[in-house]
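All chains, please: the whole structure from these sequences, using the hints.
Mapping to the UniProt record's numbering: the sequence shown position 70 is 70, numbers consecutive.
Just so you know, the hints here were simulated from the structure itself, not pulled from any lab data.
Since the structure is predicted, the reported quantities are computational estimates derived from the model, not experimental observations.
The beta carbon of each residue, even a glycine, is placed where N, CA and C say it ideally should be.
One thing to keep in mind: the hints can contain errors.
Unchecked claim - Pair by pair, the computed Cβ-Cβ distance ranges are: (1) 47 x 68: 16 to 22 angstroms; (2) 48 x 72: 29 to 35 angstroms; (3) 65 x 37: 17 to 23 angstroms; (4) 78 x 41: 17 to 23 angstroms.
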Amino acid sequence: ISSSQRNPQHRRRSSGGSKRRSEMAQPSKEPCKKEACDIQACLSKNLFDSKKCLKVIQSLQSCCEQCEYKSTHCGSLSGLLKNISK
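Encoded structure:
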């Protein structure tokens, strides 16, 4: 009998732990998605007044700069920045 057959709980625990580590190590398939969702939530809560959501908009801008604007979520950023300057 192999060690994994004798102690199946040990095998389950180790495979679950390694899965979590590999998920954390991989970059998001959709960079800046969280920041974009945060903006939507903020805008909805504040009757779409972008001036009240500056922190989350700046957070998206920072994320987009880090991923070199390669995220689909960065496309709306220029429109948001234009609205803020009004």
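Hints versus structure:
Checked against the hint of 16 to 22 angstroms, the C-beta distance between residue 47 and residue 68 comes to roughly 33 angstroms, which is inconsistent with it. Roughly 21 angstroms separates the CB atoms of residue 48 and residue 72, a value that falls outside the hinted 29 to 35 angstroms. A hinted range of 17 to 23 angstroms for the beta carbons of residue 65 and residue 37 is consistent with their spacing of about 18 angstroms. A beta carbon spacing of about 21 angstroms between residue 78 and residue 41 agrees with the range 17 to 23 angstroms that was offered as a hint.
When the structure is compared with the earlier hints, violations turn up for hints 1 and 2 and for no others.
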